[in-house]
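Based on the hints, put chain B in the right spot on chain A.
In order, the protein sequences belong to chains A and B. Using our numbering, the first residue of the first sequence is number 1, and each one after it goes up by one. Using our numbering, the first residue of the second sequence is number 680, and each one after it goes up by one.
Just so you know, the hints here were simulated from the structure itself, not pulled from any lab data. Quick reminder that beta carbons are idealized off the backbone N, C-alpha and C, glycines included. Be a bit skeptical, because a hint or two may be false.
[Said to hold, decoys possible] Simulated pairs of lysine-lysine, DSS-like, Cα-Cα distance not exceeding 30 Å: (1) B/Lys850 with A/Lys300; (2) B/Lys750 with A/Lys300; (3) B/Lys763 with A/Lys142; (4) B/Lys779 with A/Lys203; (5) B/Lys819 with B/Lys781; (6) B/Lys750 with A/Lys142; (7) A/Lys300 with B/Lys779; (8) B/Lys894 with B/Lys748; (9) B/Lys879 with A/Lys421; (10) B/Lys944 with A/Lys593; (11) B/Lys850 with A/Lys421; (12) A/Lys67 with B/Lys754; (13) B/Lys894 with A/Lys421; (14) A/Lys593 with B/Lys779; (15) A/Lys203 with B/Lys754; (16) B/Lys819 with B/Lys829; (17) A/Lys294 with B/Lys779; (18) A/Lys264 with A/Lys243; (19) B/Lys781 with A/Lys631; (20) A/Lys593 with B/Lys763; (21) A/Lys67 with B/Lys750; (22) A/Lys421 with B/Lys874; (23) A/Lys300 with B/Lys867; (24) A/Lys421 with B/Lys944; (25) A/Lys300 with B/Lys860; (26) B/Lys781 with A/Lys203.
[Stated by the list, open to error] Covered stretches of chain B, as calculated for chain A (at least 3 residues, CB under 8 Å): (27) 713-719; (28) 753-759; (29) 764-775; (30) 889-901.
[As the list claims (entries may be wrong)] Per label pair, the in silico range of CB-to-CB distance: (31) B/Gln799 with A/Val639: 39 to 45 Å; (32) B/Gly955 with A/Val45: 20 to 26 Å; (33) B/Gly878 with A/Leu354: 43 to 49 Å.
Single-letter residue listing:
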Amino acid sequence: MLKFNLIVFSLLCLLHSNLTHSSVQAEETGLEDMFAIFTEEEIVVSALKRPRTVLKSPAIMSVITAKQIKQMGFRTLIDVLKIVPGFYISMDETGEREIAVRGVLDDASQKIKVLIDGHSINDVWRGGAMWNFDDLPVENIKRIEIIRGPGSALYGQNAFLAVIDIITKDTEDIDGFQVTTSGGSFSTQNYNLLFGRELGGLKISGFLDYFDTQGFSKKIEQDVLFPAAASRSPGQSQNRKEKTDLNLRLSYNNLEVKAKYMKKRRKDYIGVGDALNEESILRDTYMFTEFTYKLSLSEKLNMTPKVYYDQYNYDPFFEQRPDGHLGVYPEGIKGQLRFKQRTIGFENQVNYKLFEGNELTFGLQYEWIHQHDIKYGKNSHPITNANLTTVTDFTHDLPFTRKATRHIYAFYLQDEWNITKDIDLTIGVRHDRFTRFEGTTNPRVGLIWRFIEDAHLKLLLATAFKAPSFQEMFLTNNSVKIGNPSLDPEKINTFEIGLGYHFTEHMRASINYFYNRIRDKIILDTATPKQFQNGGGSRIHGIEAEWKADFGNDNYVFANYTFQDAEDTRDRNRLPDVPVHNGNIGINAGFCKYTNANLTTHLSGPRPREDGDTRRDIPAQALVNMTLIGKNFIDNFEVRGSVFNLFDKSYYDPAPQNTVPTDYPQQGRSFTIELRYQF
Amino acid sequence: MINKTRIYLVLIIILSALLHCSYCAYAEKTVVVIKSQDISAYNKVVKGFQDECFKNDITIKSIYDLNGKMKIGQKIVRKVRKEKPDIILAIGVLAATVVKEKIDDIPIVFCMVINHARFQLMESNITGISTEIAIEDQLKGFQSILGAFKNLGVIYDPSKTGNIIANAEKKIEDAGINLVKYEISDSKEVSEAMKNLIGKIDALWLLPDSTVVTKKSFGFIKSTALENRTPLLCTSDVFVKAGALASVSSNHKDVGKQAAGLARKILELSMPGSLGIVYPDRFKLTINTKTAEKLGLELKEIKNGTKINFYP
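Same shape as in the complex, but just chain A:
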């Protein structure tokens, strides 16, 4: 027994001495340190795996960061989009901001897909997102990625001319609280609380935002009814608005929940039908929630299923014509509309690394969209316009739209292949099948070639589609315009070529050419009432150029220029209301750690009229904005002051012919002061 114990002890001693020796050797040589440093590298490489950079993205792309947003004094999403090449913003008669992209301005900006953290916020009634979200607060935006060009091969409907993806801040970016309060011209006040905290494995971030303004008011000399006695012109336009925004992001391990709520009440700028009004109130509520689960099945295979629910409530009161209109309507023409829209969707995206440098993305999506709870009351007959003594309920007899359901089934496939270290190829295709029209298949091919150091060439080919909106399909019992349930989607074919070059470490420039051909456009015909029809097309080509010189420490200069030649394919008339030439110039100076100054100028050439409109073109304009930031005077405290339209330039956005002859006047010089505190 003693012998056995001795042997065991000797063996243990030997084992221990070997183990000790090997660990001491590793410790002594520092090899363990080296492997620990290698592990560190892997952590960084995997953490930095994020959306492609502008250079590597198979699209013509702009990225605007939170810092730029702050430096330029932007307050809303639409302010940010003004500096994007190829984008042009103008306002319609209701006060809604509409985005023209690459020469095409259409109702409700429905040819642009807008996403918040990958979740679409385009509403189905109009097809666009700007009615509800043109004034989206920017306080919680980390960056905005804008694809100028079609994106239906990945994003489906409405990704026709551009895709705007808004990436919000999370706990990594906030970690605490930030309170922002601002006030300025037109009795504007804005309060924002941004928060982010990690509680164990649970990450919570979001914001609350309250905005209230009287808005700018301008004298309208003549509205559509002028010189009729009942016309309120000359009179003042209105822009009062009150809005509440809430955002919430929760994540625990692989599960993420996103939620948004927005409620807005505002006046009608001039009024529906271009008649000055006093009583119209536009009320909108939008909310969504999305559950995403990130599943890593192996090193090469990842799956991201998500389910989501969206609800949009539209509940406006319209004063279409003022009291005494035509001597027939003593109470004017007024109406109350209401509908609710619900979307339930499911999407599963699978990413598979076929081999090093080649990643396959495959996805399935299903969406159920339902329009219901329709209410309609009016004090005139919806079809004959006969005067009625009181507001009468037409919900059941002559509703303005109807209950409708749309199912969308889609699948997509994309392969991103880094063929050599200098050549990337992306090939993708998506097929969408809608309830009311045959399926549409949209491919795209993108080739990026870094042909010399610091320079790249992009060649892009794609098609995209815009599904008809519910308004275009189901608007009914209306004496002015009606929908058409048989509409087909609009289609676009695009070719783009882009060249980018980093001249030095501090200076870069890019230029790209695009050619778009649109067919099956959805337009109103000339019948009475007018009806939406597929007809005609457009041909647009142009050049976008960007240049930026960054000298460090927040000192930079930038400029961009867009030339866009857009015409109808049928009669070759120039597309109206969008300038042929426009651009932006800006300078930012980070004088020292205490101050930052920014001067940005939006330049626009004349905006042409539609064919047959004899008014002279809307003149060229230059608008200058200035922003000063004071920081680091007091811990975690910042003050920002901005002056918009610094030189009080008088300018107008285009009104259709035979409506408001002198167009829609825009705001003169205005200012805001903002205080921000982090804790």
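This is chain B only, laid out in the frame that chain A set:
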């Protein structure tokens, strides 16, 4: 009766004290150190940095440790911001990446980032010390042991050290040496690579490439090279201590000292910014005498301008 002289004297003393305090407050330059993890290599850098800062009247306010986790970077950055240092020293790629991502208004000096170009640490507020020694100096060091050699082999993963090869290729050629490259994308390919290279090369250059050098593969590379009497030349002395023939590399403490020197230079600038990425200003040739003996090399006649360390 109040003595006016005394009152004046007290006032002068108070004023002088105030002036001195404000001068000190103005003159005091502070730095915060963030290291990626608690390893001996990084601690040696901190030690060198502390010594040199002390000489240069730079106060180290805090030393933070990321513990190898990127997640806690945000919290540490918040703490750093509250401390308002004049400069930040980031040790290791984790720390350098965290501060690069979150801080753009305070000058940053990074060091101990292997192959820094891979992590794009170029910003207007970032200065760095490369871990790589200029290829000409490496070759000079290796040639001082081996004499003139013709074929230098290298195994590398293009996604990790491809840029080091691209930058060195021309300079190696200019030195009259033929670089025999072997690309791999998985550490499993190391044995195949060694089989292919052995016999075609006079020496093997071992890069700090995590696909090539793993806990498993290093032993294999070392023994295969030795069996075939192929000198193993490295960019870090840790491999020499573990059995490779030689390396040309910097000393961690010296890197810390150099970082403090750069911090001082940045603070002297009227507008603190970047001084770019610099090579280590001091480096040494390390030779494993046992390995040299096994390879049959004569070390007595080595003539080299740089410092030589013999191990063991």
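Hint by hint, here is what the structure shows:
Distance restraint check for B/Lys850 and A/Lys300: the Cα-Cα separation of roughly 38 Å exceeds the 30 Å cut-off, and the hinted pair is therefore not satisfied. Restraint check: the Cα-Cα separation between B/Lys750 and A/Lys300 comes to about 24 Å, which is no more than 30 Å; the hinted pair holds. Taking the CA atoms of B/Lys763 and A/Lys142, the gap is near 24 Å; set against the 30 Å cutoff, the hint holds. Proximity of B/Lys779 to A/Lys203 is assessed by CA-CA distance (about 23 Å); at most 30 Å being required, the pair is judged to hold.
For the proposed pair B/Lys819 and B/Lys781, the alpha carbon gap of about 40 Å is over 30 Å, so the pair is violated. A threshold of 30 Å between alpha carbons decides the hint, and for B/Lys750 with A/Lys142 the separation of about 18 Å falls inside it, so the pair holds. Taken as a hint, the A/Lys300 and B/Lys779 pair is honoured in the structure, with Cα atoms around 29 Å apart against an allowance of 30 Å. Using a Cα cut-off of 30 Å, the hinted pair B/Lys894 and B/Lys748 holds, with the two alpha carbons roughly 22 Å apart.
Between B/Lys879 and A/Lys421 the alpha-carbon distance is near 27 Å, which keeps this suggested pair within the 30 Å criterion. In summary, the hint linking B/Lys944 to A/Lys593 is supported, as the alpha carbons are separated by about 19 Å, within the 30 Å threshold. Taken as a hint, the B/Lys850 and A/Lys421 pair is honoured in the structure, with Cα atoms around 22 Å apart against an allowance of 30 Å. Of the pairs offered as hints, the one joining A/Lys67 and B/Lys754 holds, with about 20 Å between alpha carbons and a cut-off of 30 Å not exceeded.
The hinted pair formed by B/Lys894 and A/Lys421 meets the criterion: a straight-line CA distance of about 29 Å does not exceed 30 Å. Annotation: proposed proximity of A/Lys593 to B/Lys779 holds, straight-line Cα distance about 17 Å (limit 30 Å). About 14 Å separates the Cα atoms of A/Lys203 and B/Lys754, which keeps this hinted pair within 30 Å; it holds. The straight-line distance between the Cα atoms of B/Lys819 and B/Lys829 is roughly 14 Å, inside the 30 Å bound, and the hint therefore holds.
Distance check on the hinted pair: A/Lys294 and B/Lys779 sit about 27 Å apart at the alpha-carbon level, within 30 Å; holds. Simply put, A/Lys264 and A/Lys243 have alpha-carbon atoms about 4 Å apart, close enough for the 30 Å limit, and the pair holds. This hinted pair checks out: B/Lys781 and A/Lys631 have alpha carbons roughly 17 Å apart, not beyond 30 Å. As the CA atoms of A/Lys593 and B/Lys763 are separated by approximately 11 Å, the hinted pair is consistent with the 30 Å bound.
The suggested pairing of A/Lys67 with B/Lys750 holds, with an alpha-carbon distance near 22 Å, which does not exceed 30 Å. Restraint check for A/Lys421 and B/Lys874: satisfied, since their Cα atoms lie roughly 27 Å apart, inside the 30 Å limit. Only pairs whose Cα atoms come within 30 Å are accepted, and A/Lys300 paired with B/Lys867 is accepted, the gap being roughly 17 Å. Only pairs whose Cα atoms come within 30 Å are accepted, and A/Lys421 paired with B/Lys944 is rejected, the gap being roughly 38 Å.
The hinted pair formed by A/Lys300 and B/Lys860 meets the criterion: a straight-line CA distance of about 28 Å does not exceed 30 Å. At roughly 19 Å between alpha-carbon atoms, B/Lys781 and A/Lys203 fall within 30 Å of each other, so this suggested pair holds. Three residues within the 8 Å Cβ limit are the bar, and the region 713-719 of chain B against chain A gives 4, so the coverage statement holds. With 3 residues having a Cβ less than 8 Å from any Cβ of chain A, the region 753-759 of chain B passes the three-residue criterion, so the hint holds.
For a cut-off of 8 Å, the count of residues in the region 764-775 of chain B with a CB near a CB of chain A stands at 3, and the three-residue condition holds. For the region 889-901 of chain B, the stated coverage by chain A is satisfied: 5 residues place a CB nearer than 8 Å to a CB of that chain, which reaches the threshold of 3. A beta carbon spacing of about 33 Å between B/Gln799 and A/Val639 contradicts the range 39 to 45 Å that was offered as a hint. Checking the proposed 20 to 26 Å range against B/Gly955 and A/Val45 shows it holds: the Cβ atoms sit about 24 Å from each other.
A C-beta distance of roughly 35 Å is found between B/Gly878 and A/Leu354, which places it outside the suggested range of 43 to 49 Å.
Taken one by one, the earlier hints fail for this structure at numbers 1, 5, 24, 31 and 33, listed in ascending order.
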